[in-house]
Amino acid sequence: MVQVEGLTKLYGEFTAVNDLSFSIQPGEVVGLVGPNGAGKTTTLRCLAGIIPPSRGVVRVGGHDIVRDAIAAKKQLAFFTDEPRLFDYLTVWQHLNFVARIYQVADYEKTGNELLAELELADKKNALPGELSRGMKQKLAIACGLLHSPRVIYFDEPLTGLDPFGIRRMKDSILKRARGGAAIIISSHLLHLVEEICSRILILKNGRKIADGTLAEITRKFSEQPGDANLEEIFFRATSETGTPAEPPVLPPEIK
Amino acid sequence: MIAALFYLQYQTARNRLVSRVKRLKQPKYLFGAIVGGLYAYFYFFRYLFGGLAGGRQAAINPTISPEHLQMFELGGALALFVIVLLAWIIPHERAALTFTEAEVAFLFPAPITRRNLIHYKLLRSQLRIFFSVILLTLFSRRLGGNSLFHALGWWMILSTLNLHFLGSSFARTLLLDRGVSNWLRRLLVLGLAAAMAAGVWLWAKRTLPAFGSADIANFDSILDYAQRLLTAGPALYLLFPFRLVVRPFLAPDTAAFFGALPPVLLIFLLHYLWVIFSDVTFEEASVEASQKLATRIAAVRAGNWQAAKKNQKARRAWFRLAATGPLPTALLWKNLIGVGQVFSPRLWIVLITVVAVLGVSFGNIGHNQNFSYLAEMLIAIALGYSLLLGPQLLRLDFRHDLPRADVLKTFPMRGWQIALGEILAPVAVLVVFQWLLLLVGAGLVLYLPGKQTALFLAIAAGAVVLLPVLDALLLLIPNAAVLLFPSWIQTGKDSPRGIEAIGQRLIFAVGQMLVLLLALLPAALAFGGIFFLLKLTLGLAAAVPFASLAAAIVLAIEAGFGVMLLGKLFERFDVTEEPAS
Chain V
7 MVQVEGLTKL
17 YGEFTAVNDL
27 SFSIQPGEVV
37 GLVGPNGAGK
47 TTTLRCLAGI
57 IPPSRGVVRV
67 GGHDIVRDAI
77 AAKKQLAFFT
87 DEPRLFDYLT
97 VWQHLNFVAR
107 IYQVADYEKT
117 GNELLAELEL
127 ADKKNALPGE
137 LSRGMKQKLA
147 IACGLLHSPR
157 VIYFDEPLTG
167 LDPFGIRRMK
177 DSILKRARGG
187 AAIIISSHLL
197 HLVEEICSRI
207 LILKNGRKIA
217 DGTLAEITRK
227 FSEQPGDANL
237 EEIFFRATSE
247 TGTPAEPPVL
257 PPEIK
Chain R
4 MIAALFYLQY
14 QTARNRLVSR
24 VKRLKQPKYL
34 FGAIVGGLYA
44 YFYFFRYLFG
54 GLAGGRQAAI
64 NPTISPEHLQ
74 MFELGGALAL
84 FVIVLLAWII
94 PHERAALTFT
104 EAEVAFLFPA
114 PITRRNLIHY
124 KLLRSQLRIF
134 FSVILLTLFS
144 RRLGGNSLFH
154 ALGWWMILST
164 LNLHFLGSSF
174 ARTLLLDRGV
184 SNWLRRLLVL
194 GLAAAMAAGV
204 WLWAKRTLPA
214 FGSADIANFD
224 SILDYAQRLL
234 TAGPALYLLF
244 PFRLVVRPFL
254 APDTAAFFGA
264 LPPVLLIFLL
274 HYLWVIFSDV
284 TFEEASVEAS
294 QKLATRIAAV
304 RAGNWQAAKK
314 NQKARRAWFR
324 LAATGPLPTA
334 LLWKNLIGVG
344 QVFSPRLWIV
354 LITVVAVLGV
364 SFGNIGHNQN
374 FSYLAEMLIA
384 IALGYSLLLG
394 PQLLRLDFRH
404 DLPRADVLKT
414 FPMRGWQIAL
424 GEILAPVAVL
434 VVFQWLLLLV
444 GAGLVLYLPG
454 KQTALFLAIA
464 AGAVVLLPVL
474 DALLLLIPNA
484 AVLLFPSWIQ
494 TGKDSPRGIE
504 AIGQRLIFAV
514 GQMLVLLLAL
524 LPAALAFGGI
534 FFLLKLTLGL
544 AAAVPFASLA
554 AAIVLAIEAG
564 FGVMLLGKLF
574 ERFDVTEEPA
584 S
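Residue numbers (this note's numbering), protein chains in the order written: chain V, 7 to 261; chain R, 4 to 584.
Rather than coming from a laboratory, the hints here were simulated on the basis of the structure. Note that this is a predicted model, so its numbers are computed, not measured. C-beta atoms are modelled at their ideal positions from N, C-alpha and C, and glycine is treated no differently. Don't take every hint at face value.
Unchecked claim - Restraint ranges, calculated between C-beta atoms of paired labels, are given here:
1) R:ASP577 x V:THR165: 20 to 28 Å
2) R:GLY532 x V:ASP74: 40 to 48 Å
3) V:THR165 x R:LEU264: 56 to 64 Å
4) V:ASP74 x R:LEU439: 38 to 46 Å
As the list claims (entries may be wrong) - Computed footprint of chain V on chain R, listed as stretches where at least three residues anywhere in the stretch have a Cβ under 8 Å from a Cβ of chain V:
5) 329 to 342
6) 403 to 413
To be verified - Straight-line distance between alpha carbons at most 27 Å, and here's what the computed BS3-like set of lysine-lysine pairs gives:
7) V:LYS181 x V:LYS115
8) V:LYS181 x V:LYS130
9) R:LYS316 x V:LYS129
10) V:LYS142 x R:LYS316
11) V:LYS130 x R:LYS316
12) V:LYS142 x V:LYS80
13) V:LYS129 x V:LYS142
14) V:LYS80 x R:LYS571
15) V:LYS142 x V:LYS115
Chain V on its own, in the form it takes in the complex (with noise of 0.2 Å):
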């Protein structure tokens, strides 16, 4: 579903992705890792089309992201950690817009059960500015949805939403999945990634370091078999020496 093939991105002698190459497949769910600065934001607009690729291809569905830009954004969707929406739109006129921006011509019914699934029904005639951080990152989310995306992106996708909000955010992957959409998930909570990928990418400086299911990568980056979680992992694998990271500062037992 989504083929990188040499992805590069350059900022003047910055290399900010190199050389990335990997592939998803439908039903997938890709963890997208890494420290700050080391290129998934940029790896996901270059995916999603937003900046072009210094170097490399990218497709989705089969369509090149550069030459084929109208086929290949049609089917996907992406998530930022910020919701950036239009403040004078109101919750429906935001869906409205989206429907014809992507020619989905039920997008009435559709529009109306995202609507009520993600608990917006309500205030189908708010203003963003009326809203809380995690209902606009809702609407958002109706917004992609509403064309039925095959390929969906997600940066820091839990950013600002209540535990209740999590779980639902968690579920509606999960289900996208399900439903045999393909998934990246960019972010830094690894709980999050260890819980619902399918497979886990590592990033550091720009360059792909592991890529695999959560086991393959524990094989390589652990000394002994299952002996790491993920957080153990990545210290590992992201840390220069590429020893292991200081053990947690426990809480204090409560008497």
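Fit chain R to the given chain V structure using the hints.
For chain R alone, coordinates are given in the frame of chain V:
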């Protein structure tokens, strides 16, 4: 503790200056600073420095008579009186010193006394007053005289007013705490003002000769009556403190200036003590005010002036957007809703009604040819201004949406479709407004002499076809500029500030004018060619609309290429470009 607050203020100003100087390494800021500096010097500072250099000059042009000087003093005192009165009537909120969010976060939980916070706030307000003084001195230099005395005079007036506003807000809060509502306070203040006015009126009735038509025969007689009214009786005492405050600014010479200083400094000191010794809690209201300010600043910096307004309301769409159809229509639909925050359907109905009423009224009195000529001239001026200012004021296009360029780029639309959709809304609004004006103009033409009627109608017909393409072209230029040089133009995140920003805008204004002239040249040639050909064969009235049509076709072709180019520019636009700062 106050030393730490001084340190904060000093370092903030210093670091801001250093970062501004450092960025001059980039040519765009350097050129901007040079052009902006030259502009500021030739239009403002040359005169200010000239005034400062002439230290021996009188404060006020010596040719101004003492009577006129007294009138200036009375006028200034009266204006101050009204400002102070309004400060006690209009505001309704509790005392709130507006701090930035960072100041609230760092200073409010810190062990700093309330008095020190007020001192810090007063110190900060001095910076704002300083720039206001410079600006006002530049304007008041027309009175002639010593600019330094003017500047000091303005500083005293503004600083005293600043303290008074603060003190009155503290007093308002104390009254609210003691159960005196805003409306009761307003009633009391208005009652007091009414009693003062009645006192002055009674005194005038008993003392001055009866007010008659001779007193309003000309400007001098009005001034004379006002002078008699305000320089004796109760008004003399009422305005006296205000006259003291404006007196240093109007001092005719150095001796008078220093003579006028002690009373105004005493008033300033009394205000300062009033503010400092007011024991009023302002923190809670300040936190709220700071959050509102931060939201507003963020909205303005994101290029979203509408969101910065209070009480933004949801607007209905101007038309129903079907789920399928041409894609640019979606952006037109979206941006028209944004425009609707200002140009609501209600406003259009009012506008059309006013135009209709004016049209009928003009019709009734339009038999007067001079009046019709005048009205036509006003319409022509309004059309000119709509072309000049319209594209600058209606910014619901790329200039507004650029901070969301990443969202636009995920849309499955071609560049030209996005470009066309973005400029359609401002074009539509401008065209409707201009066509309404033309309609009124065409109605008035009926009252002009025969031959002129035909000519005016021909010009109006030509304008009908020319204006839409001209509007499109005028909007394409700033939109292309913002995509080519996003960090030069105010679009979002952080708008450029300072003298280099003034220079950048000047460079851009000149650049855009040149591009426009270049774009208009082929259309002007087409117009000229057709016009002269048809004028010889069909006459003037027929030549104008046909020549306009030819020019409109040329402009439409240019606009078409412009949209394609704008689309290409957007496709190549890198959303990670350096934001304006």
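Quick rundown of the hints versus the structure:
1. R:ASP577 x V:THR165: 20 to 28 Å: holds, 25 Å
2. R:GLY532 x V:ASP74: 40 to 48 Å: holds, 45 Å
3. V:THR165 x R:LEU264: 56 to 64 Å: Distance hint for THR165 (chain V), LEU264 (chain R) holds at roughly 59 Å.
4. V:ASP74 x R:LEU439: 38 to 46 Å: Check passed, 45 Å falls within 38 to 46 Å.
5. 329 to 342: holds (count 7)
6. 403 to 413: It holds, with 5 qualifying residues against the three required.
7. V:LYS181 x V:LYS115: holds, 19 Å
8. V:LYS181 x V:LYS130: holds, 24 Å
9. R:LYS316 x V:LYS129: holds, 14 Å
10. V:LYS142 x R:LYS316: holds, 17 Å
11. V:LYS130 x R:LYS316: holds, 14 Å
12. V:LYS142 x V:LYS80: Since the Cα atoms of LYS142 (chain V) and LYS80 (chain V) sit roughly 23 Å apart, the hinted pair holds (cutoff 27 Å).
13. V:LYS129 x V:LYS142: Answer holds: LYS129 (chain V) to LYS142 (chain V) is near 11 Å, not above 27 Å.
14. V:LYS80 x R:LYS571: Within the cut-off at roughly 20 Å; holds.
15. V:LYS142 x V:LYS115: holds, 21 Å
Hint violations for this structure: none, all hints satisfied.
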